[in-house]
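**Q** Residue-level listing of the chains:
Number of protein chains: 2
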Amino acid sequence: MSAFEKLKAHSHKISHFQHLASICGWDQAAVMPSGGSQARSEAMAELYVHMHNLQTQPQLADWFAEAEQETLNPQDSATLRELKRGWQQANVLPESLVQAKSLAGSKCEHAWRTQRGENDWQGFEKNWAEVVKLSQEEAQIRAEATGLSPYDAMLDIYEPGTQSASLDVLFSDVKSWLPEMIDHAIDKQSSEQFIQPHGTFATQTQKALGLDVMKLLQFDFNHGRLDESVHPFCGGVPSDVRITTRYDENEFVQSLMGIVHETGHARYEQGLPKSLAGLPSGQARSMGIHESQSLFFEMQLGRSNAFIAHLAHLAGEHFTAQDSALFSQDNFQKLYTRVKKDFIRVDADELTYPAHVILRYEIERDLINGNIKHTDVPELWDQKMQAYLGLSTKDNYKNGCMQDIHWTDGAFGYFPSYTLGAMYAAQFMAAMKQTVDVDTVVESGDLTPIFTWLSDNIWSKGSLLTTNELVTQATGETLNAQFFKDHLKARYL
Amino acid sequence: MSAFEKLKAHSHKISHFQHLASICGWDQAAVMPSGGSQARSEAMAELYVHMHNLQTQPQLADWFAEAEQETLNPQDSATLRELKRGWQQANVLPESLVQAKSLAGSKCEHAWRTQRGENDWQGFEKNWAEVVKLSQEEAQIRAEATGLSPYDAMLDIYEPGTQSASLDVLFSDVKSWLPEMIDHAIDKQSSEQFIQPHGTFATQTQKALGLDVMKLLQFDFNHGRLDESVHPFCGGVPSDVRITTRYDENEFVQSLMGIVHETGHARYEQGLPKSLAGLPSGQARSMGIHESQSLFFEMQLGRSNAFIAHLAHLAGEHFTAQDSALFSQDNFQKLYTRVKKDFIRVDADELTYPAHVILRYEIERDLINGNIKHTDVPELWDQKMQAYLGLSTKDNYKNGCMQDIHWTDGAFGYFPSYTLGAMYAAQFMAAMKQTVDVDTVVESGDLTPIFTWLSDNIWSKGSLLTTNELVTQATGETLNAQFFKDHLKARYL
Numbered sequence: 001m002s003a004f005e006k007l008k009a010h011s012h013k014i015s016h017f018q019h020l021a022s023i024c025g026w027d028q029a030a031v032m033p034s035g036g037s038q039a040r041s042e043a044m045a046e047l048y049v050h051m052h053n054l055q056t057q058p059q060l061a062d063w064f065a066e067a068e069q070e071t072l073n074p075q076d077s078a079t080l081r082e083l084k085r086g087w088q089q090a091n092v093l094p095e096s097l098v099q100a101k102s103l104a105g106s107k108c109e110h111a112w113r114t115q116r117g118e119n120d121w122q123g124f125e126k127n128w129a130e131v132v133k134l135s136q137e138e139a140q141i142r143a144e145a146t147g148l149s150p151y152d153a154m155l156d157i158y159e160p161g162t163q164s165a166s167l168d169v170l171f172s173d174v175k176s177w178l179p180e181m182i183d184h185a186i187d188k189q190s191s192e193q194f195i196q197p198h199g200t201f202a203t204q205t206q207k208a209l210g211l212d213v214m215k216l217l218q219f220d221f222n223h224g225r226l227d228e229s230v231h232p233f234c235g236g237v238p239s240d241v242r243i244t245t246r247y248d249e250n251e252f253v254q255s256l257m258g259i260v261h262e263t264g265h266a267r268y269e270q271g272l273p274k275s276l277a278g279l280p281s282g283q284a285r286s287m288g289i290h291e292s293q294s295l296f297f298e299m300q301l302g303r304s305n306a307f308i309a310h311l312a313h314l315a316g317e318h319f320t321a322q323d324s325a326l327f328s329q330d331n332f333q334k335l336y337t338r339v340k341k342d343f344i345r346v347d348a349d350e351l352t353y354p355a356h357v358i359l360r361y362e363i364e365r366d367l368i369n370g371n372i373k374h375t376d377v378p379e380l381w382d383q384k385m386q387a388y389l390g391l392s393t394k395d396n397y398k399n400g401c402m403q404d405i406h407w408t409d410g411a412f413g414y415f416p417s418y419t420l421g422a423m424y425a426a427q428f429m430a431a432m433k434q435t436v437d438v439d440t441v442v443e444s445g446d447l448t449p450i451f452t453w454l455s456d457n458i459w460s461k462g463s464l465l466t467t468n469e470l471v472t473q474a475t476g477e478t479l480n481a482q483f484f485k486d487h488l489k490a491r492y493l
Numbered sequence: 001m002s003a004f005e006k007l008k009a010h011s012h013k014i015s016h017f018q019h020l021a022s023i024c025g026w027d028q029a030a031v032m033p034s035g036g037s038q039a040r041s042e043a044m045a046e047l048y049v050h051m052h053n054l055q056t057q058p059q060l061a062d063w064f065a066e067a068e069q070e071t072l073n074p075q076d077s078a079t080l081r082e083l084k085r086g087w088q089q090a091n092v093l094p095e096s097l098v099q100a101k102s103l104a105g106s107k108c109e110h111a112w113r114t115q116r117g118e119n120d121w122q123g124f125e126k127n128w129a130e131v132v133k134l135s136q137e138e139a140q141i142r143a144e145a146t147g148l149s150p151y152d153a154m155l156d157i158y159e160p161g162t163q164s165a166s167l168d169v170l171f172s173d174v175k176s177w178l179p180e181m182i183d184h185a186i187d188k189q190s191s192e193q194f195i196q197p198h199g200t201f202a203t204q205t206q207k208a209l210g211l212d213v214m215k216l217l218q219f220d221f222n223h224g225r226l227d228e229s230v231h232p233f234c235g236g237v238p239s240d241v242r243i244t245t246r247y248d249e250n251e252f253v254q255s256l257m258g259i260v261h262e263t264g265h266a267r268y269e270q271g272l273p274k275s276l277a278g279l280p281s282g283q284a285r286s287m288g289i290h291e292s293q294s295l296f297f298e299m300q301l302g303r304s305n306a307f308i309a310h311l312a313h314l315a316g317e318h319f320t321a322q323d324s325a326l327f328s329q330d331n332f333q334k335l336y337t338r339v340k341k342d343f344i345r346v347d348a349d350e351l352t353y354p355a356h357v358i359l360r361y362e363i364e365r366d367l368i369n370g371n372i373k374h375t376d377v378p379e380l381w382d383q384k385m386q387a388y389l390g391l392s393t394k395d396n397y398k399n400g401c402m403q404d405i406h407w408t409d410g411a412f413g414y415f416p417s418y419t420l421g422a423m424y425a426a427q428f429m430a431a432m433k434q435t436v437d438v439d440t441v442v443e444s445g446d447l448t449p450i451f452t453w454l455s456d457n458i459w460s461k462g463s464l465l466t467t468n469e470l471v472t473q474a475t476g477e478t479l480n481a482q483f484f485k486d487h488l489k490a491r492y493l
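Line order of the protein sequences matches chains U and Z. For the first sequence, counting from 1, position 71 maps to 71 in the numbering used here; every step adds exactly one. For the second sequence, counting from 1, position 62 maps to 62 in the numbering used here; every step adds exactly one.
These aren't lab readings, by the way, just hints derived from the structure by calculation. Hints may be right or wrong, so weigh each one.
You can't tell identical chains apart in this list, so a pair holds if it fits in one copy or across any two.
[Unchecked claim] Here are the simulated EDC-like pairs of lysine to aspartate or glutamate, each with C-alpha atoms no more than 20 angstroms apart in a straight line: (1) Lys-394 <-> Asp-342; (2) Lys-489 <-> Asp-120; (3) Lys-126 <-> Glu-42; (4) Lys-6 <-> Glu-46; (5) Lys-13 <-> Glu-46; (6) Lys-175 <-> Glu-251; (7) Lys-384 <-> Asp-404; (8) Lys-207 <-> Asp-439.
Modelling step: build the complete structure from the supplied sequences, incorporating the hints.
**A** The following block contains the structure:
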């Protein structure tokens, strides 16, 4: 067996344990009773230790050295490149730092769950200092290993190939037009009349509606499920993708579009190349490309006139006891494109969302690069919130820098993926429209040509290409934020 | 760390992987879409290989030798005894035999799924020959390691300490009175009038009823769930017990009592000693004792007049659209104690069930001990079926020796557990009644004293005692089939 073959077999072995981790992770979030938590945590910890041991076996270094001397075809070369990337990431950090960061993150997150409600920045800051310090150490080690800046080295985990130099250019551009566009949109919408849903929308009916929408989106129910969890997510494995939502019986709007979003993630997973299952080259390209698929479904496709017409019609068929005016296409369009300046990112609309992300990006970049202190964050947050959305978060930590869970356990470098995803999604739609009559296809109710394009250009590629190669092959150019801007202008101005 | 401490830590490690196997096994049976099957099988196979590697690590032999020289308290001694039992069982068979038997079993079972419907004994027999041959080899190796006869060595896996010499005595006794008792019961019931359920019993309503019954039985929903699967089972882990049922909308009788049965298994698991979690001494004592708890719930408690009154009342509350006469206590009693001679074990009633088990026991004992050939089985089946239940299975293989799945993959030694369980259950009830006024307690609706007795005498003991010690401490004597006979006489004559 060649060194490359040995590396592939080793990757398959790890992927089998990853499979079990994914399914048990879904179980934990979707169905496990709370009393099962402690034993499950212990079992999962044992599994992670085992996977870490597999990823750091000493003979792997020799196998990589040998494999790089072997003659490989382009696909195998891409597999080797991705195998090595994963191996380096798993081996670059000393075990002691991984453990210290995990402990500090758990402590900070656990306390945050009560501190946030109490707006307790003083208490939070003490725990968070350690998380930030250890994250800076991690970034420094990753920087030395990759030759990147500390923040770029963190970004590289989620968005290989993307660096802050290009994000700075992209996001500066967005900042130059977004605040004004938000103001115009709000002004334009101020006189709109529309009906908000209220009354009881039974969970069972919402679920049946969600399943109908998933069918329209050609979710493969032979390889996946829809369930419920407190925080909606897409989990499982490509052959068995588990998406979740949460239902609020007072309204159906959020849950329904949440299902469309997660179905986008799910179809990417279901569409990954089966011949590369168990290898990193067969996995999704990056967080940003993953988000581009969920946002393609939710924003590009899901909020298009033609799709909104389907959604409104299906909802009306399920909620027969409600006033039918609620389910007019026009009313749905207004419900799903309402713009509002607000504090909370996860509740933000399509237009204000990038402002939340850019704010976080700028702060975490400077924090990880050591240009600001963690105690500077609340003031910077307030300044940027005022500049981008005209809202002050002075002394309002819980709706300011303490609102998100990500930073509590040191997940720095992840936020840009959200807006990169929105930008890629707009660019993919523009490219798709050159060969697919998207509106007519959606109106027909058979969306196959759309999914064929996504499969051919994105899903079936796994991680064989770099992000830039993938986007260039699909759209003729690398990331170009103009498509996103044009999309927002067309929808909101 | 002492050798015993090392063995305990090793047991905990294995139990964490066993946890993941149990949860993923539940997932596979209860929620996994069929398209997830192949990748799951591969992941599970990898996990089983890993667990087998852990169980057969060479240093364990030294640790056991050392630990047996260490001074241990009685509880630790029991833990060591059970650790060694598990280790010996995992190490006694050569890997090649385990693999060959697994392959032959899969092949036989897979073909059986179509052969059974086609009554194809000729086809089945060819595959089964190999399964029987490999099972005989397994039994021979186990016999040499334990000093038991081949069949007793297989029995010892499921019922440590029980041997066929005592089963022969027990079952001969049963055979001396059971056929006549069955005839008397059928004769007595022949003039009974009762109402069979028909019409639609919605799955959702059946589930709500089942959950109410589980509450009455004090199932701990903080440490468990009720779900659906094709073959009902009790799985998961003691901190998170997963029971399943299947619903038939034409009737609710089977599913409802099935839930009572599985709740018995579940409460045993939930009641195992938490301080011994992850050690074999903290696990259920044997298959027979496990079945004694499910049958205590289903037969001793579940079919008692006082409990039937609760069941009938609760069912009437849920199925309000049905004729209330269906839900009279008297009608329920008749529905749940109907005796019928029939071919299929899994559908058999309480009274005819032991005949099915004794028939299988006698055949598998002689087969594994090499006293009969596998081609003798259909004729023996027919003879015994005629002797015990007055039914002929001549040329009717699919309702004869091809009806069960157990033998197709070589699970020999397991069948006696069913009837041992029924006997233990009757003996436990008789002992309980000496200190607990069971009928009054059940009538009150608060069944706590019953569960306290079971917890004190069975559940909390795990595998600290041998089966004989456990039964003697709980009831004052070892297994005595007279209690079972008395119970059946009281109920059916």
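**Q** Please go over all the hints and tell whether each is borne out by the structure.
**A** Hint check results:
In this assembly of identical chains, the alpha carbons of Lys-394 and Asp-342 lie at most 20 angstroms apart only when taken from the same copy (14 angstroms versus 79 angstroms across copies). In this homomeric assembly, Lys-489 and Asp-120 never come within 20 angstroms of each other (Cα to Cα): the closest approach is 40 angstroms inside a single copy and 71 angstroms across copies. For the identical chains of this complex, Lys-126 and Glu-42 are neighbours neither inside a copy (28 angstroms) nor across copies (46 angstroms), given an alpha-carbon limit of 20 angstroms. For a Cα distance limit of 20 angstroms, the shortest separation of Lys-6 from Glu-46 across copies, 16 angstroms, qualifies, whereas the shortest one inside one copy, 25 angstroms, does not.
Proximity of Lys-13 to Glu-46 under the C-alpha cut-off of 20 angstroms is found in both arrangements, the shortest distances being 16 angstroms within a copy and 7 angstroms between copies. Taking identical chains as interchangeable, the C-alpha atoms of Lys-175 and Glu-251 are never at most 20 angstroms apart, the minima being 33 angstroms within one chain and 65 angstroms between chains. In this homomeric assembly, Lys-384 and Asp-404 come within 20 angstroms of each other (Cα to Cα) only inside a single copy, at 16 angstroms, whereas the closest approach across copies is 70 angstroms. Proximity of Lys-207 to Asp-439 under the C-alpha cut-off of 20 angstroms is found in neither arrangement, the shortest distances being 26 angstroms within a copy and 44 angstroms between copies.
In terms of the numbered hints stated before, the structure departs from hints 2, 3, 6, 8, listed from lowest to highest.
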